[in-house]
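Listed in order, the protein sequences are those of chains L and D. Everything in the first sequence is counted per our numbering, starting at 3 for the first residue and increasing by one. Everything in the second sequence is counted per our numbering, starting at 141 for the first residue and increasing by one.
Hints in this document: simulated from the structure, not taken from any laboratory. Do not take every clue at face value.
Said to hold, decoys possible - Derived list of chain D stretches under chain L, where covered just means 3 residues or more per stretch with a C-beta under 8 Å from a C-beta of chain L:
#1 265 to 276
#2 413 to 420
#3 433 to 440
#4 448 to 457
#5 502 to 512
Don't be surprised by glycine CBs; every beta carbon is placed ideally from N, CA and C.
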Amino acid sequence: MDFEYRYSSEQEVFRTEVRDWLNENVPEGITNPLDNAHTDRETFLWIKDFRKQLGAKGWLYPTWPTEYGGGGLTGDHDIIIKEELEKADVPGTDASALFPAAAAVWGTEEQKQQFLRPTLQGEIALWQLFTEPGAGSDLASLRTRATKDGDDWLINGEKVFNGSKFGYKLGDDDNGDVHEEFDEMFTLAITDPDAPRHRNMGYFIIPGDAPGVTTQTMDLLSGQGKQQIYLDNVRVGNDRLFGGETQGWQVAQTTLELEHGGGGQLVPRNHAVEQMLQLARDTGAGQHPHLVHTLMDAYIDNQILRLIGLRNYWMYEAKQEMSYHGSQNSLWRKESALRTADAIREVLGLTPLLNQDDPKAPFGGALETHQRESLVGAHPGGTIEVQKVIIARRIGVSRTRERAAPTPSTAKS
Amino acid sequence: MDLGLSEEQTMLKDSAIEFLNAELPKTRVRELFESEDGFAPDIWKQMADLGWTGLIIPEEYGGAGTDLQTLGVLYEELGAALAPSPHLSSAVLSALTIEGAGSDDQKKNLLPAIANGEQTLAFAFTEPDYGWGPERVQLTARGEAGNYTLDGTKLFVPDAHIADQILVIGRTQGGQEHGLTAFLVDKDAPGLSIRTQSGWLGDKMNEVTFDGVKASDVIGPVNGIWPVLDSVLDKATGVLSAYMVGGCRTVLEMAVEYSQNRVQFGVPIGTFQRVQDWLIMGVNIEQSARWTTFEGLWKVDAGKEDAAQAISMAKVVSSNGYFKAAEAAHHVHGGIGIDLDYGLTWYTQKARTLQHYLGDAVHHRARMARLMDL
Numbered sequence: 003m004d005f006e007y008r009y010s011s012e013q014e015v016f017r018t019e020v021r022d023w024l025n026e027n028v029p030e031g032i033t034n035p036l037d038n039a040h041t042d043r044e045t046f047l048w049i050k051d052f053r054k055q056l057g058a059k060g061w062l063y064p065t066w067p068t069e070y071g072g073g074g075l076t077g078d079h080d081i082i083i084k085e086e087l088e089k090a091d092v093p094g095t096d097a098s099a100l101f102p103a104a105a106a107v108w109g110t111e112e113q114k115q116q117f118l119r120p121t122l123q124g125e126i127a128l129w130q131l132f133t134e135p136g137a138g139s140d141l142a143s144l145r146t147r148a149t150k151d152g153d154d155w156l157i158n159g160e161k162v163f164n165g166s167k168f169g170y171k172l173g174d175d176d177n178g179d180v181h182e183e184f185d186e187m188f189t190l191a192i193t194d195p196d197a198p199r200h201r202n203m204g205y206f207i208i209p210g211d212a213p214g215v216t217t218q219t220m221d222l223l224s225g226q227g228k229q230q231i232y233l234d235n236v237r238v239g240n241d242r243l244f245g246g247e248t249q250g251w252q253v254a255q256t257t258l259e260l261e262h263g264g265g266g267q268l269v270p271r272n273h274a275v276e277q278m279l280q281l282a283r284d285t286g287a288g289q290h291p292h293l294v295h296t297l298m299d300a301y302i303d304n305q306i307l308r309l310i311g312l313r314n315y316w317m318y319e320a321k322q323e324m325s326y327h328g329s330q331n332s333l334w335r336k337e338s339a340l341r342t343a344d345a346i347r348e349v350l351g352l353t354p355l356l357n358q359d360d361p362k363a364p365f366g367g368a369l370e371t372h373q374r375e376s377l378v379g380a381h382p383g384g385t386i387e388v389q390k391v392i393i394a395r396r397i398g399v400s401r402t403r404e405r406a407a408p409t410p411s412t413a414k415s
Numbered sequence: 141m142d143l144g145l146s147e148e149q150t151m152l153k154d155s156a157i158e159f160l161n162a163e164l165p166k167t168r169v170r171e172l173f174e175s176e177d178g179f180a181p182d183i184w185k186q187m188a189d190l191g192w193t194g195l196i197i198p199e200e201y202g203g204a205g206t207d208l209q210t211l212g213v214l215y216e217e218l219g220a221a222l223a224p225s226p227h228l229s230s231a232v233l234s235a236l237t238i239e240g241a242g243s244d245d246q247k248k249n250l251l252p253a254i255a256n257g258e259q260t261l262a263f264a265f266t267e268p269d270y271g272w273g274p275e276r277v278q279l280t281a282r283g284e285a286g287n288y289t290l291d292g293t294k295l296f297v298p299d300a301h302i303a304d305q306i307l308v309i310g311r312t313q314g315g316q317e318h319g320l321t322a323f324l325v326d327k328d329a330p331g332l333s334i335r336t337q338s339g340w341l342g343d344k345m346n347e348v349t350f351d352g353v354k355a356s357d358v359i360g361p362v363n364g365i366w367p368v369l370d371s372v373l374d375k376a377t378g379v380l381s382a383y384m385v386g387g388c389r390t391v392l393e394m395a396v397e398y399s400q401n402r403v404q405f406g407v408p409i410g411t412f413q414r415v416q417d418w419l420i421m422g423v424n425i426e427q428s429a430r431w432t433t434f435e436g437l438w439k440v441d442a443g444k445e446d447a448a449q450a451i452s453m454a455k456v457v458s459s460n461g462y463f464k465a466a467e468a469a470h471h472v473h474g475g476i477g478i479d480l481d482y483g484l485t486w487y488t489q490k491a492r493t494l495q496h497y498l499g500d501a502v503h504h505r506a507r508m509a510r511l512m513d514l
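Work out the full structure: start from the sequences and follow the hints.
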């Protein structure tokens, strides 16, 4: 066992190349906002453009194949790129594998060229439209309908808690061009209402500007301005259906496998715990025997999360079949965030509740964001309880037995 | 990065599983727990023949010179099978102290005999004021070069009753870290008495009383054994954590299997989410203990600066974890879990003792905090 990457001199040269390029291409003042809702329009437009630049270099999806717009690079390069992006604190550089994984496993060659390629190149951003007002944990009970109309599909329904990393909807700009944060949306809709559950829906990709799509910002505890989206007779061609007409559930499982953390995590952000430890040192809280208990348990909790992410990353790269591992990552991330938020308050009292507008807020209000995000983050991609249900199935004790959905790591090519 | 086992480690793991399956059925585990000395000379002899007693002892002293991580792989299996042996006392704690602080002659005389299992040493550190910090050692040692007399009591000392010699940590001067010295004491030394303690302990542990006992030898610097000991304790704590990982694994496996087969209300009880919660807790504990432990062992092997901190973290996780995993397994099992023939209770008993051995979570959290400058 070896828990760290060893960098060859060739890799160090590559690191210098990445660092130099970032120095040249990231202007002063571009940093990750504390709270995504605070991203201004200028930054947002810069991000869109920057993602294209990263994509063109193959650095947005470094290990994905070049034939579909990826970087065709090794995991070693991937690590260096991720580490340097993390150090540079550049916003909007996350490379979600949710849609790409589904497209890679289930898409036709044409679909891969049409949708996967621009995604990997950073040319388009996608939103995930799964959850509905009546279909949360029980996603399969969704009611959005897709009906055949000639060679096309007409989609009708309502989706909630959608995408929007930045809560930004630009509308018309000065030149009259419409900028939406998203370009495409992937969604699930019932194609055959008479078919049994899990074999009755399709996985579609819808243009963000399709007629019949309207959005409304949801008022949430999080900074992320999630959108409620209404689909009113939205017309899409059959080439926008991934997998078979009634295979959508299976396609979505590939997406969800990754969303739960099946891809692992190599360079985790753990600022809140570091900040807590720093303040404990500054205030002397670390000398208090009871608080030492709290501090160390919170630290350990997050170290375990790091190790679970590392384990999954290794399993994914080594093409090992996972069982409970993805959901365990999600479960631990969600539960440990809640425990950590509690620990931070126990150690630091009320100050972590001060936000960025308060001059007394530690770390410019970062801990206040953490307090809210710990709660907000407990739901996306399946609640804590849903992760437990999946783990139980995967360890073979439930009524339902299931194996992990295929991902690009495990799918037979 | 590669979190998989090496070929050598896989072979060691496989042979350990095969050996332990054959030699240590549940009935034998119970028999050993209920026996007076808890010792299986036949198994110990075979462990030596398999080369396990010399696994981390350098080749020049008759060992295999493998790294700690590999020993951890073996310990996971020993823990999974509940193998009782003086291995940790003799082939890890004592051997590493001698290797780290002993003279060339002492190493030549002692290490090969430990490596081939001819000599078994116990390791006596803790006292009635139980704890694993240097300040807890108060057994007095008076004398001068080559001639020391020990007075005091060591408590909860595993394996003293079956060892040929005892490696005793005594105090030659007041202080905390300073003033500690390591001695060898022969099991037949006049003034030495050994009483095996009675109770719900996971190992046979002893009260060892020293009444004017002459030490047969001094290992390492007088007053200055602590720095060596600190690092020895780290290594031993890491492999002990691996033993506990094995225990977590087995109790989880037992609970999962039982929940799949036990039918109540017409269905296997594993289909109940209340029951599943305990199983999921077990999976989380087993994985947490596993990865903190093996990363810690790797850090020691790789000479990482924060290795000590990582080992203490592993012990916090495995100490609390094994205890809780056993408890979770009892929840799943209900009544049958407390049947002595069934086999779960022996793990529970082990967990409750190992939680404290080489330092409990309270000790190791405080140690981590010190190492992290809190």
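- [ ] List, from low to high, the hint numbers that the structure doesn't satisfy.
- [x] Result: hint 1 breaks, nothing else.
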